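Converting from the sequence shown to the working numbering requires adding 44 to each position, the first position being numbered 1.
Hints listed in this document are in silico derivations from the structure and should not be mistaken for laboratory results. The structure presented is a predicted model; accordingly, all values stated were derived computationally and were not measured. There's no promise every hint is true.
As the list claims (entries may be wrong) - Simulated crosslink set (DSS-like; lysine-lysine; CA at most 30 Å straight-line): (1) Lys185 / Lys236; (2) Lys185 / Lys237; (3) Lys185 / Lys87; (4) Lys185 / Lys233; (5) Lys191 / Lys237; (6) Lys236 / Lys270; (7) Lys87 / Lys237.
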Amino acid sequence: MAPIYTRPESLQDTHTHYCAGCGHGIAHRLVAEVIDELGVREKTVAVAPVGCAVLAYDYFNFDVTEAAHGRTPAVATGIKRALPDHLVFTYQGDGDLAAIGTAEIIHAANRGEAFSVIFINNGIYAMTQGQLAPTTLVGQKTATTPKGRNPANEGPPIRGCERIDALDAPMYLERVALSSPGNVRRARKAIKKAFTVQLEHEGFGLVELLSACPTYWFMSPVDCMKRIDEEVAKVFPPGVIRDRTSET
Numbered sequence: 045m046a047p048i049y050t051r052p053e054s055l056q057d058t059h060t061h062y063c064a065g066c067g068h069g070i071a072h073r074l075v076a077e078v079i080d081e082l083g084v085r086e087k088t089v090a091v092a093p094v095g096c097a098v099l100a101y102d103y104f105n106f107d108v109t110e111a112a113h114g115r116t117p118a119v120a121t122g123i124k125r126a127l128p129d130h131l132v133f134t135y136q137g138d139g140d141l142a143a144i145g146t147a148e149i150i151h152a153a154n155r156g157e158a159f160s161v162i163f164i165n166n167g168i169y170a171m172t173q174g175q176l177a178p179t180t181l182v183g184q185k186t187a188t189t190p191k192g193r194n195p196a197n198e199g200p201p202i203r204g205c206e207r208i209d210a211l212d213a214p215m216y217l218e219r220v221a222l223s224s225p226g227n228v229r230r231a232r233k234a235i236k237k238a239f240t241v242q243l244e245h246e247g248f249g250l251v252e253l254l255s256a257c258p259t260y261w262f263m264s265p266v267d268c269m270k271r272i273d274e275e276v277a278k279v280f281p282p283g284v285i286r287d288r289t290s291e292t
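Using the sequences and the hints, build the whole thing.
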């Protein structure tokens, strides 16, 4: 019987360091599938963050470089300007993008830099053992908020897509969830759209992926999927936030 579902060429055959149930594995595969479909593997450069995906270069079968914490968009800017015919994307967590890298992502988006952003929102600093992140939900217990996030003390969660939507230059912004087969298919479509926006329209695009962290949510993977749909998606509503491709 001929195989109908195989490993993408853009994904390495290697053991994972991610925890069981983590959404990074799903996101990696979706990115790899889209790059294969677009036929741009030999002209792709990714920029890995500091965070759980710090070892992304071990998984992707194309060029991947590393950036200092939060400086991922700055590195991507330089690469894209030097190699304008390449597909360049950053792969960032909520700490890398929405905390230490706030200025970097805002100014890159404001300039309309023609690279794409894959933004993993799992609501926690997972690599460093579960501290409060900018996207941690109100009431959520973390290593630095053992009684739960209190808006009066830590402020409310920060919505990355909505923050960037206030800028004029970005061309495409969408938030999707990695919580079900249907949502995963929508996520793949959104990633392809962001990459196409870069390649065909020379524009800035960002896809936010609502992802699970069973280890520091202290839940089973199944319960994590329910939490994304029932709690996380209420604070970070999925959907297309901006699509200016029809204007060009």
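Do the hints match the structure? See the list:
1. Lys185 / Lys236: violated (35 Å)
2. Lys185 / Lys237: violated (35 Å)
3. Lys185 / Lys87: Violated, at about 42 Å.
4. Lys185 / Lys233: violated (33 Å)
5. Lys191 / Lys237: violated (40 Å)
6. Lys236 / Lys270: holds (26 Å)
7. Lys87 / Lys237: Roughly 17 Å separates the two Cα atoms, so the pair holds.
Hint compliance for this structure: hints 1, 2, 3, 4, 5 are not met, and every other hint is.
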